[in-house]
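Asker: Taken in sequence, the protein lines are chains D and E.
Residues in the first sequence are numbered consecutively from 476, following this note's numbering.
Residues in the second sequence are numbered consecutively from 8, following this note's numbering.
Mixed in with the good hints there might be a few duds.
Stated by the list, open to error - Chain E residues, not near chain D, derived (Cβ > 10 Å throughout):
1. THR90
2. ILE107
3. VAL184
4. TYR192
5. THR294
Said to hold, decoys possible - Result set (DSS-like, lysine-lysine): computed pairs, CA atoms no more than 27 Å apart in a straight line:
6. D:LYS994 / D:LYS562
7. D:LYS681 / D:LYS620
8. E:LYS264 / D:LYS681
9. D:LYS874 / D:LYS907
10. D:LYS620 / D:LYS867
11. D:LYS769 / E:LYS161
12. D:LYS539 / D:LYS994
13. D:LYS562 / D:LYS978
14. D:LYS882 / D:LYS833
15. E:LYS100 / D:LYS695
16. D:LYS906 / D:LYS882
17. D:LYS669 / E:LYS75
18. D:LYS833 / D:LYS500
19. D:LYS716 / D:LYS570
20. D:LYS573 / D:LYS716
21. D:LYS767 / E:LYS75
22. D:LYS562 / D:LYS645
23. E:LYS161 / D:LYS500
In short, the hints are calculated from the structure, not lab data.
We put the CB at the ideal spot given by N, CA and C, even for glycine.
Next come the chains, spelled out residue by residue.
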Amino acid sequence: MMKPSRVTLLTALLLGSVAFAASPKDTLVIQEASDTPTLDPTANYDTGSSNVIENIYETLWTYKGSSLRDMEPVLATAMPSFTNGGKTLVVNLRKGVKFHSGNTFSCADAEYTFERNLVTNSAESGNWFLAESLLGSSANANDDKTLTFAKIDKAVECNNQGQLVFTLPKADPAFLAKLAFSGQSILDKQWAIKQGEWDGTEKTWKDWVGKDVQGSNLSKNPSGTGAYMLVSRDANAILLKAFPDYWGKQPAIKNVILQKVPELAARQQAFLRGDADMIEAGSRANIEEQLKGKPGVVVVDNLPNTSATGIFMNENIKNGSALGSGKLDGNGIPANFFSDANLRRAFAYSFNYAQYIKDVQQGKGKQRTMLLPDTFPGYDAKVNTYSYDPAKAKAYFQKAWGGQVWKNGFVLNANYRAGSVAAQTAMEILKKNVEALNPKFKVNIQQKQWSELLNDSKSGKEPMIIIGWAPDYADPDNFMYTFYSSNGYYYPRSNWKDAAVDKWLEQARTTTNAATRNKLYSQVGKRAYEQAPYLLVPAGVGLYAVRDNLVGATADTYNPMLGSSTLFTGTLWKDLSKK
Amino acid sequence: MVNFIIRRLLQIPLVMLALSLLLFVIIFQLTPQQRAAGYIRSEQQAAQMDTIIRQRGLDQPFPIQYGKWLASTVQGDLGFSRTSSKPVLDTIKERLPSTIELSLYAGIPIVLLGIWLGTMSALNKDRFVDQFLRVFAVLGTSLPSFVLGILLLKFLYGSLGWLPGPGQTDVINTFAVLDPTFRHYTGMLSIDAMLNGRWAVAGDVLRHLVMPVLTLVIIFSANILKVMRAQMLETLTSDYVRTARAKGLGHRAVNLKHARRNALLPIVTLTGFTAINLLAGAIITETIFAYPGVGQWVGGAAQNLDISAVMGFALLSAIIVVVISTLTDLFYGVVDPRVRFD
């Protein structure tokens, strides 16, 4: 048996650890499961990286407070206006700004940044949408041989007054929002070249085309103008400290530690004990059951959600095996089964939206009018929505295909993403309600691996799938064009084409007048309601949990477009403090 | 013996070649889309899937892809791990010392405790001690490490606050460890802290090691206990033990010198397996306790279909298996002098 003296010693040792455990007042401790794949803004296209990059680096402008419609300058001195019919943008840049390396920020840094983004434009990065605006092609020079260095060089230049000049091939009202993305943060040119990155010259540009710079030297040794600078990084943690020469107000939080803790239970224990100020806390169900109401925990709820999810009804199914008999004979469906709007409406009326909100979103869901986040410009809350109405669903099924669908029935094979409980539940709700209307209706649902589902749906092989879209930038075009245009990314999955909608969407992406654009998007929304190309899955309502001594994390300060919004407070660390 | 060691070491490249070929064949059962999915984190990136497949050469035939991998591996380039955001080799260099550290702290108690408890259990057959230890052995072998780990975290850290939480250090010491002035001599944090003269940090690291070590010790020592008990019971009834007793030798000498020594042979094999398991990464334990070893890395890599990481880890495992097997075989000679290698 252990002697009393040894027990005392062990107890003292163990209790000693508790004294060190609490997180200090000037230090923000964040525990997350997600990786931080890169600290190089050029390669940044994921939440984990954005969370850190947006605090180390700065963009020319950003969203004002929690708004997604208003911008405020950061490294620019004022929000610029387009000239030359929306094709030229001249930006005045802030003076007296230092990078973490000690270098002074100048126009050459901004020019280098955007040129590096355009030159590399790797497949994994988000630079495709910058290239689309500045070069008229989302590809890089390897994939689009018409792209030359001269073209890239001309797209972004510094003039004699030290102003940054963007020259667009055509007007792009989304361009301002695109530059607010943390992937377009301004790099320290001299520092980057010193680290062995692209030297910014035509002589070497070809070597960097399409290069994935996720693991670049710049990622290992970043130098931005942001309020925080990287101190060190190892396999377990990233340590940052406040940048003493920051041009803006010095933050109250002087140190930030991001710890990688893959296990949710471990993060929760640390959070409940106050060892972590913020954690990646998982789903709404988990936050409500495990954290809400516990001492020292504040849950900030009812936050806007910026993703949109729809159930696709493919009007040109290119997969024989998914069609069964391929006819309207009760044993399958024809390839153009969903081309009848009555049938699409029938499905839209068959979905129990309230039940989905209750079962999947713990009662905190919101039915939207369009496949566009309701906080985004262009969203029209007045557009009608479908509701669960078996009588109307029956009426539309009876109308569809001249009564053949109702008379003969069908077998529909629908797949959902393996492991997605939300997608599975949505499909089960739809199956149950549709099959209840007519014994001849049969909906077979089964799970499929994500990669397969993506591939098969892209080639139009999936009759019905459920997929979402998250924003790259807060402009309606990013959603509306993606979902509703026959030139949009999702078109091969829906094969829904409407000439009027196509025209309105093309107009909206080249019109800089906000009121005109809003009207156009509203028209698209109304037409989409009428034609029902998608079944609109209710949007979730966001929430996060923080320790109660954290100041500055509220619903009013939450901006859903910041990288940190997906998991945390939707604010920059410099705007937080601890009491 | 030298010949034996050289023969074994020469096996390493052959084992690695066969293993890599086998793994590549398995990985090749996945479609290029499935393999490209590892590079994709969102719907937006999925829009670039075809480009990713083309740029990464995932649509190339098997011999070309394997040939490219082999050529770069032979030159010491194991590829880039998307899970660690670093080259595979750098990741192994960074994380392996932590796993070795955990293996050392856990491995020694596992073996010693397993042998001691197994011996005790056998010597007290059917008494309370034996029954208690048999229950412990059943619990240890049947309790999944993620259940045990989370239970320990919940009670010893969450409820009682006796031990620190996940990670290697508390916040205050994380500053010290990540400070550029802190020198990393071995990569094993507790030892490096001592070499830096940072005793508080070393103490903190050791406190953080208690729960992962405890989890591993409970689970792995139970196995050794069971085998040791069975072997001891067998040797205690053997003729030579009876002869020794008949010669009037004391219990202690008979039990420990004659019986236990002979019961140790299977334990040597089992110890080898335990060491392989620990060094190849106690994946679950490292993940639960946020311990930055190779296990945590490869767990995430497998989930993310990080093929470079999985291949690199497989090669590392092959080396570990061959080296530990060789050491195990050599140790047979120490335990049983009848074993010869030439």
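Asker: Now, for every hint given, state plainly whether the structure supports it.
Answerer: Comparing the hints with the structure gives:
{"no.": "1", "hint": "THR90", "result": "7 Å, violated"}
{"no.": "2", "hint": "ILE107", "result": "14 Å, holds"}
{"no.": "3", "hint": "VAL184", "result": "8 Å, violated"}
{"no.": "4", "hint": "TYR192", "result": "15 Å, holds"}
{"no.": "5", "hint": "THR294", "result": "5 Å, violated"}
{"no.": "6", "hint": "D:LYS994 / D:LYS562", "result": "22 Å, holds"}
{"no.": "7", "hint": "D:LYS681 / D:LYS620", "result": "12 Å, holds"}
{"no.": "8", "hint": "E:LYS264 / D:LYS681", "result": "74 Å, violated"}
{"no.": "9", "hint": "D:LYS874 / D:LYS907", "result": "21 Å, holds"}
{"no.": "10", "hint": "D:LYS620 / D:LYS867", "result": "53 Å, violated"}
{"no.": "11", "hint": "D:LYS769 / E:LYS161", "result": "15 Å, holds"}
{"no.": "12", "hint": "D:LYS539 / D:LYS994", "result": "24 Å, holds"}
{"no.": "13", "hint": "D:LYS562 / D:LYS978", "result": "21 Å, holds"}
{"no.": "14", "hint": "D:LYS882 / D:LYS833", "result": "34 Å, violated"}
{"no.": "15", "hint": "E:LYS100 / D:LYS695", "result": "16 Å, holds"}
{"no.": "16", "hint": "D:LYS906 / D:LYS882", "result": "19 Å, holds"}
{"no.": "17", "hint": "D:LYS669 / E:LYS75", "result": "31 Å, violated"}
{"no.": "18", "hint": "D:LYS833 / D:LYS500", "result": "39 Å, violated"}
{"no.": "19", "hint": "D:LYS716 / D:LYS570", "result": "23 Å, holds"}
{"no.": "20", "hint": "D:LYS573 / D:LYS716", "result": "16 Å, holds"}
{"no.": "21", "hint": "D:LYS767 / E:LYS75", "result": "52 Å, violated"}
{"no.": "22", "hint": "D:LYS562 / D:LYS645", "result": "5 Å, holds"}
{"no.": "23", "hint": "E:LYS161 / D:LYS500", "result": "25 Å, holds"}
Checked against the numbered hints given earlier, the structure breaks hints 1, 3, 5, 8, 10, 14, 17, 18 and 21 and satisfies all the rest.
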